[in-house]
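Asker: Sequence:
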Amino acid sequence: MTILRRNWLPLLAFTIMEGVVTAWLIQHGNSLLEDNRGTSFFVLSSLLSLLYVAAMVWYMGSTTNLLNENGFRCNLLRNLKLTVFIGLIFIVLFVGAIAWQLTTLQPIATGQEMQQTGTTVQMWIFPLCLLVFALLLLPLSYSYMNYIQAPKARFKTHVIGGYFSGLRHFGYIFSTQLLFGVIVFFLTIVVAMPLYLLVFSHTLSQQGVLQGDVNTLPSYFPILLYGCSILTGFILIAIMTVGVYVNYYMYGAIVAKKKARRQRREIQTKTSEG
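Under full-length UniProt numbering, the first residue of the sequence shown carries the number 1, and numbering increases by one thereafter.
Bear in mind the hints are in silico, worked out from the structure with no lab data behind them.
All of these numbers come straight from a predicted model, not from anything done at the bench.
Just so you know, not all the hints are guaranteed correct.
[Stated by the list, open to error] Once the Cα atoms are required to be at most 27 Å apart in a straight line, the calculated DSSO-like pairs of lysine-lysine come out as:
| hint | residue 1 | residue 2 |
| --- | --- | --- |
| 1 | LYS259 | LYS156 |
| 2 | LYS156 | LYS257 |
| 3 | LYS259 | LYS270 |
| 4 | LYS152 | LYS258 |
| 5 | LYS270 | LYS258 |
| 6 | LYS270 | LYS156 |
Make a model of the complete structure from these sequences and hints.
Answerer: Take a look at the structure:
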């Protein structure tokens with residue numbers, strides 16, 4: 001209740017943007033890959049993306065503000081820096097994946113037999129790269145809290161250095177995130193089921209329209225889609241908030257373990273000197 005009472009405004013903004021962006025992607029997701037869309041479409045898409053990121057950073061800054069005494073402005077700026085940092089990582093990896101595909105896979109896929117070989121390589125390499133990338137991101141959950149919680153944090157020391165510190169506790173981080181991820185997976189299936197049904201109905205309707213059939217969706221379908229997206233987004237954001245506290249307690253457990261190890265070494269040193 002404390003989270004709702006103190007975070008209701010950023011929670012409302014983030015929930016609305018989550019629902020709007022989800023419904024927008026459902027209705028216009030395929031159009032993002034087309035070249036014949038007008039400038040206004042891409043301007044609106046970019047504006048929605050920026051508003052979504054701004055609402056997310058606002059909510060995360062307000063949520064992490066409950067975990068420390070650094071102040072809302074400090075938590076907001078730190079979450080913004082981390083969001084930009086992770087976004088740059090995704091952009092670099094995305095550009096690198098495209099460059100790798102153009103320079104490696106396309107030369108392989110010459111001729112019918114070689115084309116099949118290139119396709120097989122692509123089918124196996126891409127999921128493997130995604131898995132490795134996801135595993136490499138896990139220590140960021142520790143460095144994130146390490147950066148957020150520090151009273152006087154430096155990005156290089158607490159984020160980059162915290163990442164390598166998280167690597168030393170990779171087993172504990174992996175098991176914690178795996179357990180939480182499995183729970184979130186099954187909860188998402190149940191929570192998002194109404195939205196899945198609406199997406200399925202929208203997809204079938206669009207396929208029918210392309211084949212010359214009449215659009216059978218009711219006139220209130222967009223309102224229903226946006227309402228369901230906002231409600232689903234609210235529940236998923238609540239689950240994401242639990243994830244923040246999971247990272248918080250995981251970070252606390254690692255810090256307590258490191259502190260206990262340091263104290264044990266000091267006691268052993270004093271004993272050996274005595």
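Asker: Please go over all the hints and tell whether each is borne out by the structure.
Answerer: Hint by hint, here is what the structure shows:
no., hint, verdict
1, LYS259 to LYS156, "22 Å, holds"
2, LYS156 to LYS257, "23 Å, holds"
3, LYS259 to LYS270, "17 Å, holds"
4, LYS152 to LYS258, "20 Å, holds"
5, LYS270 to LYS258, "19 Å, holds"
6, LYS270 to LYS156, "34 Å, violated"
Checked against the numbered hints above, the structure breaks only hint 6 and satisfies the rest.
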